[in-house]
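For this one, chain A is given, so just place chain B on it according to the hints.
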Amino acid sequence: DAKTTQPPSMDCAEGRAANLPCNHSTISGNEYVYWYRQIHSQGPQYIIHGLKNNETNEMASLIITEDRKSSTLILPHATLRDTAVYYCIVRSLNTGFQKLVFGTGTRLLVSP
Amino acid sequence: DTEVTQTPKHLVMGMTNKKSLKCEQHMGHRAMYWYKQKAKKPPELMFVYSYEKLSINESVPSRFSPECPNSSLLNLHLHALQPEDSALYLCASRGSSYEQYFGPGTRLTVT
Numbered sequence: 001d002a003k004t005t006q007p008p009s010m011d012c013a014e015g016r017a018a019n020l021p022c023n024h025s026t027i028s029g030n031e032y033v034y035w036y037r038q039i040h041s042q043g044p045q046y047i048i049h050g051l052k053n054n055e056t057n058e059m060a061s062l063i064i065t066e067d068r069k070s071s072t073l074i075l076p077h078a079t080l081r082d083t084a085v086y087y088c089i090v091r092s093l094n095t096g097f098q099k100l101v102f103g104t105g106t107r108l109l110v111s112p
Numbered sequence: 001d002t003e004v005t006q007t008p009k010h011l012v013m014g015m016t017n018k019k020s021l022k023c024e025q026h027m028g029h030r031a032m033y034w035y036k037q038k039a040k041k042p043p044e045l046m047f048v049y050s051y052e053k054l055s056i057n058e059s060v061p062s063r064f065s066p067e068c069p070n071s072s073l074l075n076l077h078l079h080a081l082q083p084e085d086s087a088l089y090l091c092a093s094r095g096s097s098y099e100q101y102f103g104p105g106t107r108l109t110v111t
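Protein sequences appear in the order of chains A and B.
The first sequence begins at 1 in the numbering used here and counts up one residue at a time.
The second sequence begins at 1 in the numbering used here and counts up one residue at a time.
So that you can see chain A by itself, here it is in the shape it has in the complex (with noise of 0.2 Å):
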């Protein structure tokens, strides 16, 4: 799986878009990027996926570059309910999509 690259930390004021980056340059043509979050003492949240369109659902959009040689989580309207640490995590069909390795992530702070 390609490693992936996350700030260690990002602010963001309440109500504003909140664009967490990911760097995957090693990213090959059949590893998908996959982003979760976890709020403090709770387990991992999933939160949208793509392979090289962008994505959104009613959580967020995923922007990935042409290249995909890097990806952009978009949270439209931050709350203080978003703060958490975000991992952007690169699977592989060759581990059959089973395994899933966590980076360090980034941590968002929401501020009023």
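Accuracy of the hints is not assured; some may be wrong.
Unchecked claim - With a cut-off of at most 20 Å between alpha-carbon atoms, the simulated DMTMM-like pairs for lysine to aspartate or glutamate come out as follows:
#1 LYS52/A / GLU44/B
#2 LYS3/A / GLU31/A
#3 LYS3/A / GLU52/B
#4 LYS41/B / GLU84/B
#5 LYS38/B / GLU84/B
#6 LYS38/B / GLU58/B
#7 LYS9/B / GLU58/B
#8 LYS69/A / ASP11/A
#9 LYS99/A / GLU52/B
#10 LYS40/B / ASP11/A
#11 LYS69/A / GLU44/B
#12 LYS22/B / GLU67/B
#13 LYS3/A / ASP82/A
#14 LYS41/B / GLU3/B
#15 LYS19/B / GLU84/B
#16 LYS9/B / GLU52/B
#17 LYS40/B / GLU67/B
#18 LYS40/B / GLU3/B
#19 LYS18/B / GLU84/B
#20 LYS99/A / GLU84/B
#21 LYS40/B / ASP82/A
#22 LYS69/A / GLU55/A
#23 LYS3/A / GLU58/B
#24 LYS22/B / GLU44/B
Claimed, not checked - Output of the computed footprint for chain A on chain B, the stretches with three or more beta carbons under 8 Å from beta carbons of chain A:
#25 38 to 48
#26 100 to 106
Hints were generated in silico from the structure; no laboratory data involved.
Note that CB positions come from ideal geometry on N, CA and C, so glycine has one too.
Just chain B, lined up with the frame of chain A:
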């Protein structure tokens, strides 16, 4: 319903005790996972069950013994644990797009 339940929420056990952690999902998922998470660290995979068979064991010590009695249930049997095994133990199940749904975890303290 995307709920994974885990019991108990908290567990304190001595090094000579035997205890079990339980996980349940009713989403019809056929793959289930155990993860271990130490404080301020990301979760680490321990075991994967696929169609009720153990498919991945990440070289976990034998004092941790997983069991999958049926497709909805996953147990983790604990015996002769060490204080360094104190952690948050997370269960997850895998959906049709290979996304995983996690339970709230069991916070284990070994004394």
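Okay, the hints, checked on the actual structure:
Between LYS52/A and GLU44/B the alpha-carbon distance is near 27 Å, which puts this suggested pair outside the 20 Å criterion. Distance hint between LYS3/A and GLU31/A is fulfilled; the C-alpha atoms sit about 11 Å from each other, no more than 20 Å. Restraint check: the Cα-Cα separation between LYS3/A and GLU52/B comes to about 30 Å, which exceeds 20 Å; the hinted pair is violated. Note on LYS41/B and GLU84/B: the hinted pairing holds, with a Cα-Cα distance of about 14 Å set against a maximum of 20 Å.
Proposed proximity of LYS38/B and GLU84/B is supported: the alpha carbons are some 9 Å apart, at most 20 Å. At most 20 Å may separate the alpha-carbon atoms for a hinted pair to count; LYS38/B and GLU58/B meet this at roughly 16 Å. Taken as a hint, the LYS9/B and GLU58/B pair is broken in the structure, with Cα atoms around 24 Å apart against an allowance of 20 Å. Of the supplied pair hints, the one linking LYS69/A and ASP11/A is violated, its CA atoms being roughly 24 Å apart against a limit of 20 Å.
With a C-alpha separation of about 16 Å, the suggested pairing of LYS99/A with GLU52/B holds against the 20 Å cut-off. Under the criterion of a C-alpha separation no larger than 20 Å, the hint pairing LYS40/B with ASP11/A is consistent with the structure, at around 19 Å. Straight-line distance between C-alpha atoms of LYS69/A and GLU44/B comes to about 25 Å, which puts the hinted pair past the 20 Å bound. Simply put, LYS22/B and GLU67/B have alpha-carbon atoms about 10 Å apart, close enough for the 20 Å limit, and the pair holds.
Taken as a hint, the LYS3/A and ASP82/A pair is broken in the structure, with Cα atoms around 25 Å apart against an allowance of 20 Å. Of the pairs offered as hints, the one joining LYS41/B and GLU3/B is violated, with about 24 Å between alpha carbons and a cut-off of 20 Å exceeded. Distance hint between LYS19/B and GLU84/B is fulfilled; the C-alpha atoms sit about 16 Å from each other, no more than 20 Å. Distance hint between LYS9/B and GLU52/B is unfulfilled; the C-alpha atoms sit about 24 Å from each other, more than 20 Å.
A C-alpha spacing of about 28 Å is found between LYS40/B and GLU67/B, which places the hinted pair above 20 Å, so the restraint is violated. Annotation: proposed proximity of LYS40/B to GLU3/B is violated, straight-line Cα distance about 24 Å (limit 20 Å). Only pairs whose Cα atoms come within 20 Å are accepted, and LYS18/B paired with GLU84/B is accepted, the gap being roughly 16 Å. Pair hint LYS99/A plus GLU84/B does not hold up; C-alpha atoms about 24 Å apart against a cutoff of 20 Å.
Between LYS40/B and ASP82/A, the direct Cα distance comes to roughly 18 Å. Compliance with the 20 Å bound is thereby established for this hinted pair. Proposed proximity of LYS69/A and GLU55/A is supported: the alpha carbons are some 16 Å apart, at most 20 Å. Distance check on the hinted pair: LYS3/A and GLU58/B sit about 19 Å apart at the alpha-carbon level, within 20 Å; holds. Between the alpha carbons of LYS22/B and GLU44/B the distance comes to roughly 18 Å, so the proposed pair stays at or under 20 Å and holds.
For the segment 38 to 48 of chain B, the stated coverage by chain A holds: 5 residues have a C-beta nearer than 8 Å to a C-beta of that chain, and at least 3 were required. For a cut-off of 8 Å, the count of residues in the segment 100 to 106 of chain B with a CB near a CB of chain A stands at 6, and the three-residue condition holds.
Taken one by one, the earlier hints fail for this structure at numbers 1, 3, 7, 8, 11, 13, 14, 16, 17, 18, 20, listed in ascending order.
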